[in-house]
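Construct the complete structure from the given sequences, taking the supplied hints into account.
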Amino acid sequence: MSKSVNEIYPEEKRLSQRFNIPGASVSYRLRRIIFKKKDFDEEFCPLHDLSRGGMRFACRRKLKPGTKLHLQLSIPGERAPLFLLGKVRWVSGNTNEAFPFQVGIKFNTYGNKKGQNYPGCLVKIISLEYKFVDLNLDLTTPPEEYKIESS
8 MSKSVNEIYP
18 EEKRLSQRFN
28 IPGASVSYRL
38 RRIIFKKKDF
48 DEEFCPLHDL
58 SRGGMRFACR
68 RKLKPGTKLH
78 LQLSIPGERA
88 PLFLLGKVRW
98 VSGNTNEAFP
108 FQVGIKFNTY
118 GNKKGQNYPG
128 CLVKIISLEY
138 KFVDLNLDLT
148 TPPEEYKIES
158 S
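If you count the sequence shown from 1, position 79 lands on 86 in my numbering, and the numbers rise without skipping.
I should point out that these hints are in silico values taken from the structure, not numbers from a laboratory.
A few of these clues could be false.
Claimed, not checked - In the DSS-like style, the derived pairs of lysine-lysine whose C-alpha atoms are separated by at most 27 Å in a straight line are:
(1) Lys-75 - Lys-131
(2) Lys-71 - Lys-121
(3) Lys-45 - Lys-71
(4) Lys-121 - Lys-75
(5) Lys-45 - Lys-113
(6) Lys-131 - Lys-120
(7) Lys-120 - Lys-94
Below you can see the structure in the form of structure tokens.
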């Protein structure tokens, strides 16, 4: 019989499982209204973990909570990176001198409206979750938080 996330992690408030993808990296660009820049502000930041709702990665710059970002997630063995929109939720120090900070990101909602993440990204993250999580979790009913809005 499969166990629910709450049975495995009773103190965990997140609705989805965090998982690591060895060798994955994140590049990001600050979301600007004017003087839009095409280059990334920082590239090849090591991904610590990923979930359906966000990610945690190491970086060289100290980002401020609330900062909106364009994110590119590169995964070894995948043809194309994932492009996501998100917001910095928290920043803390990191023990790695090359990447002195770690950042927690909450993804924007998934949907087809401006400012939302493409629903196909959620599908890809779920497939990566099944590939990289070695737990017997009941993921048959998606949480309400990840409901995809129609246009």
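Comparing the hints with the structure gives:
no. : hint              : verdict
1   : Lys-75 - Lys-131  : holds, 22 Å
2   : Lys-71 - Lys-121  : holds, 23 Å
3   : Lys-45 - Lys-71   : holds, 21 Å
4   : Lys-121 - Lys-75  : holds, 14 Å
5   : Lys-45 - Lys-113  : holds, 22 Å
6   : Lys-131 - Lys-120 : holds, 19 Å
7   : Lys-120 - Lys-94  : holds, 17 Å
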